[in-house]
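Chain residues, written in single-letter form:
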Amino acid sequence: MQGCLTVSRESQSTNKKFAFVKCGRMRPQILSIEARMEEGAGDAVTELLSGVDFENTKHQKVISNGYGPYSGGYANGYTCINKRNGYRGSEQNGHVLASSDEECTAKNMKGPIKNGYVKTTLKEPLKTRILKESFEPPTLLTAALTHISFYILMFLGYLSQALFPPKIVKEKNRDGYLPLFDRFASFYSRYVYRRIRDCWNYPICSVPGNEVVLKDRVTNDNGWTFEFTGSKTKCLNLASYNYLGFAENSGPCAEFAIDAIYKYGVTTGGTRQQYGTCDLHVELEKLTAEFLGVEDAITFGMGFATNALNIPTLLSPGCLVISDEKNHASLILGIRLPGATVKVFKHNDVKHLEQILRESIYKGQPSQEGYKPWKKILIVVEGVYSMEGTIVRLPEIIALKKKYKAYLYLDEAHSIGAMGKHGRGIVDYFGCDPKDIDILMGTFTKSFGSAGGYIAGTKELIDFLRKNSFASKYAWAMAPPVAAQIIAVLKILMGRDGTNEGQKRIETLARNTRYFRRRIEQMGIIIHGNEDSPVVPILVYLYSKIAAMVRTLIKEKIATVGVGYPATPLMEGRIRICLSAAHTKEQLDYALAVIEKVADEIGLKYSRKPIDPTPIDYDKIKVYVD
Amino acid sequence: MGKGVIGFINYWYFRYLLVTELYMVEKWERVMFHIVILLLLSLLSLFNTTVILGLVSWVTQMIFFQSSFPETAPSQAIHGEL
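Here the protein sequences come in this chain order: U and Y.
For the first sequence, UniProt numbering gives the first residue as 1, with consecutive numbering after it.
For the second sequence, UniProt numbering gives the first residue as 1, with consecutive numbering after it.
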């Protein structure tokens, strides 16, 4: 009971009046939470929050292999998640004082003030979804070797920098100025990244569909400069975020986009608030809102800016943001801009999130004079994490959000289109109510084969953003052909084109994902993440192995992406494979055969998990069957 | 995985380069690193054969042949006994 301890410590302080008031006000609340957690209302909550080990098996079937999801060993977390949103709760909730004060909320976002909890009873039977996520940590030996080799690399880098200083302009220490560049960052990019720079930033000269044409290049000075050879290589594309395979230069979407160029031109030449809006934008926003099942939506021409410029509109100093540690850079930038207090919870750890929520609600804003509640509390999570391949535990987080009256910001950049039976993202995947999420954000860059981003939610929220967001005020409106492509894709996904093409693609992607992930696991290679996530990170740990693998795969005509620091922790280099509905089984089989060969050659079979040797039949894999 | 002895050695040298991150550094750095490592190893073995081994033989003589305590210095004892 951290909360009670704090009270007793503060009651000894000189400000006795405050301490008394605080005690008087807060202690019963904390106790009442505890009491509730133990008694009736806690029934559903403890189920939701306790992950694997809960014992209430009345509604749920718990499959457990004895390892908790993060409990070390080779955690192979089978977790049951309650699909029903929210939980029973009493109306005697003391958290109104502590969480969001009505005045500020009403001023900024009139919509979801009353998102407190409602007295509900169990009407429909509880559904469960089994989340199968794997996080196999490396063996001690691998970790130790990775560290040692990293120090060797650093040593050689610093030595090389000292002996042969690069011929670049140097920044001298100017009085009264901070250095413009981070020293470690510039060292790292010149003496670690530069050595294997040929594995990244490949120029391409075709549509990045299921295949992509790379422009060959060579370097004669260890990665400082490159020269084109003039030849081209056609590779199988396992690198693009082309989840539904809509990156095409022919077909209905492309034709609709081309028609839009003839009708509207390539740009409307203004911001949304000035003359930039055309009927395509209006139609797109309407369709997006309908697709997601919410009241309204607003679209922007740039996905990164959707996060970075809209979050500051919603927050102010005095607000609290609780962010997942693996959140994308755009979210982090957006969170830092408005000057709100930021707290970070461990990746996908709902217990840690709740602990932070409780503590911060209890302590209130950091201030000298008395208890000051937070203006707003915003929980920021992503749907599918692009570097981990994990899926957010949405039902649990929705329950927490309702319990503590916080707002929820869900970034569906990688999940919209790619997850769920109808392609409506993580919300659809768990069967939650989209209205439970206050701010639904997503991008059109990935599954839709286009560009831009959207924010969806209540009418009040979207109107507020339309009026106040920087991206709506100053950024140019989305280009008409780009908007047309998204509209065409949305119509296909919603089945408005009279075919079941959209549904077919969603199912193919889900099948490809499961097939590929299972086959890779059979090989004894460590992969992270959920079995349904189309992002498959193959752990290789070492920079050299990233380089060796990417180079060998390109020789074998497969294009992949290597990921190292700063996108991942320093010692956890990985090869990230993105699956697509455009891949055929033959292509996947070819890729798997090559990956197995390369894994043997460079030693990637780190996994110590028992392997199930039953061959996997592609056609018999079940997807989205309840 | 390579054929014959040469192939075997080549392959495992490649694997060694991978796990030490020497695969991605320039050739002179690789050579220099190997020279430094060899130098360190030979210094270590030199230290072992002279100092450590001398001390060990001196101590064993002290324990087991206390009656005939060696009159010579430890370094000479090596040449005499071993």
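Possibly wrong hints are sitting among the right ones.
[To be verified] Computed list of lysine to any residue pairs in SDA-like fashion (alpha-carbon distance at most 25 Å, straight line): (1) U:Lys167 to Y:Arg30; (2) Y:Lys27 to U:Asp216; (3) U:Lys555 to Y:Phe64; (4) Y:Lys27 to U:Lys605; (5) Y:Lys27 to U:Trp200; (6) Y:Lys27 to U:Phe184; (7) U:Lys326 to Y:Lys3; (8) U:Lys555 to Y:Ile9; (9) Y:Lys3 to U:Lys167; (10) Y:Lys27 to U:Gly603; (11) Y:Lys27 to U:Met154.
Note that these hints are calculated values from the structure, not bench results.
Small disclaimer: the values here were computed from a predicted structure and weren't measured.
Okay, the hints, checked on the actual structure:
1. U:Lys167 to Y:Arg30: holds, 22 Å
2. Y:Lys27 to U:Asp216: holds, 24 Å
3. U:Lys555 to Y:Phe64: violated, 66 Å
4. Y:Lys27 to U:Lys605: Roughly 28 Å separates the two Cα atoms, so the pair is violated.
5. Y:Lys27 to U:Trp200: holds, 22 Å
6. Y:Lys27 to U:Phe184: holds, 24 Å
7. U:Lys326 to Y:Lys3: violated, 45 Å
8. U:Lys555 to Y:Ile9: holds, 23 Å
9. Y:Lys3 to U:Lys167: Violated - the C-alpha atoms of Lys167 (chain U) and Lys3 (chain Y) are around 44 Å apart, more than 25 Å.
10. Y:Lys27 to U:Gly603: holds, 23 Å
11. Y:Lys27 to U:Met154: holds, 16 Å
In the structure shown, a violation is registered for the earlier hints numbered 3, 4, 7, 9, in ascending order.
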